[in-house]
Structure formats: C-alpha cells, structure tokens
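K.L.:
Sequence:
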Amino acid sequence: MSKVAESILEKVEHDHSSGISSADLLSFFEAQQIRFGEATLRKWVQLGLLPRSVRVGRKGKHQGSKGKYPVRVVRQILRVKDLMEKNITIEDIQKQILFARGDIEELETALEKVFASFDRNIERRSSTDPAAALPGLRLVKADIARARALADDLLVRLEKLEERLTSEPDTGRENQVAAS
47 MSKVAESILE KVEHDHSSGI SSADLLSFFE AQQIRFGEAT LRKWVQLGLL PRSVRVGRKG
107 KHQGSKGKYP VRVVRQILRV KDLMEKNITI EDIQKQILFA RGDIEELETA LEKVFASFDR
167 NIERRSSTDP AAALPGLRLV KADIARARAL ADDLLVRLEK LEERLTSEPD TGRENQVAAS
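With our numbering, letter number 154 in the sequence shown gets 200, and the count goes up by one each step, no holes.
None of these hints come from the bench; they were simulated from the model. Be careful, since some hints might not be right.
To be verified - Here are the computed distance ranges between Cβ atoms for each label pair:
no. : residue 1 : residue 2 : range
1   : 172       : 135       : 51 to 59 Å
2   : 92        : 152       : 13 to 21 Å
3   : 195       : 172       : 18 to 26 Å
4   : 182       : 81        : 14 to 22 Å
Yeah, the Cβ is synthetic: ideal placement off N, Cα and C, and Gly gets one too.
Using the sequences provided together with the hints, build the complete structure.
P.N.:
Below you can see the structure in the form of structure tokens.
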C-alpha cells in the first residue's frame with residue numbers, strides 16, 4: 047500500500063478494531079487525500095471486491111443499528127486501488143482478491159461463533175454458582191483468551207499471505223500474449 051504509511055494504517059485499525067462505519071471510512075480516505083466515494087464503496091461491495099457491512103445495534107432504546115465494515119477493508123481498498131493503477135481489470139482483480147477472501151471471512155465468522163458460544167457458557171456457569179466455579183473458570187477464561195489471540199493471529203497471517211499472493215499481478219496472461 048503505497049499511499050498510506052503503515053503507522054497510519056495501524057492507528058486506524060486500532061481505533062476501529064470493532065469495525066468502521068462507511069462515514070468513518072470515507073472520512074479516512076478524504077483525510078489521506080485519496081479519492082474514494084460512497085458510490086465506489088457501494089459498487090465495490092456489489093462486485094464482491096469488499097465485504098458487506100454488518101449491522102451493529104446501538105445501545106439505548108430505539109437507537110436502531112449501524113452498518114460497520116471490518117477495519118481490514120481499508121487495506122483492501124488500497125490494494126484494489128493499487129491494482130487498478132497497474133491497469134489490471136476489475137475482472138482480474140475479482141479473481142485475485144476473491145480466491146481466498148470468502149474462505150477467510152467464513153473462518154472468521156466461524157471463530158466468532160465458537161468464541162461467542164464459549165462466552166455464553168462461561169456466563170451461564172458464572173451466574174449459577176460463582177463461588178464454586180471460580181478457580182477452574184479463571185483457567186478456562188485464560189485459555190480462551192490465548193485461543194482468541196491465536197485465532198486473531200491466524201486471521202492476520204492468512205490475510206497477509208493472501209495480500210502477498212495478490213499484490214503482484216498474474217503474469218501468465220501477459221506471457222501468453224508476448225509469446226503469440
């Protein structure tokens with residue numbers, strides 16, 4: 047990602063670790079002086095270049111919900127823009143980005159379900175008899191925290207691997223054209 051310093055990307059990822067709204071996403075790119083508008087965001091989501099937002103409920107009565115994108119969408123947008131600047135077609139970008147993106151997102155969703163199930167089970171056990179379950183529960187909570195950290199690390203590593211594999215255009219087609 048050539049246009050945004052790694053430290054800025056890490057800061058936005060930290061600040062929006064629970065997800066980023068479309069307004070915050072567009073504001074981020076505007077602050078970086080990178081052209082990226084709402085229409086482009088919608089189009090890229092429709093084309094499958096970016097994940098769909100997830101509706102997140104707001105605290106308080108009758109507050110409704112707000113759409114949030116996973117914060118990794120910032121890097122994905124930059125990657126797509128980089129590929130487009132190299133004159134790679136949308137179709138080729140779709141093939142490159144989508145080859146593993148869906149599977150990684152499925153894995154992330156599955157892991158979130160597993161950890162949510164663990165959390166519900168711990169909450170249920172804690173509420174039934176907090177004094178009796180406390181010593182063993184602390185160990186389980188610590189194990190779950192370590193497992194979460196490993197899962198997060200796995201997802202980051204898979205995304206970086208996918209990014210490395212898609213950062214360079216597939217030269218197979220270019221070689222075929224040159225050979226003819």
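K.L.:
Taking the CB of residue 172 and the CB of residue 135, does the distance hold inside 51 to 59 Å?
P.N.:
holds, 54 Å
K.L.:
Regarding residue 182 and residue 81, is the given constraint of 14 to 22 Å on their beta-carbon distance met?
P.N.:
violated, 55 Å
K.L.:
Within 13 to 21 Å or not, the Cβ separation of residue 92 and residue 152?
P.N.:
Holds, at about 20 Å.
K.L.:
Honestly, do residue 195 and residue 172 meet the 18 to 26 Å range at C-beta?
P.N.:
Distance hint for residue 195, residue 172 holds at roughly 22 Å.
The earlier numbered hint that this structure contradicts is number 4, and it is the only one.
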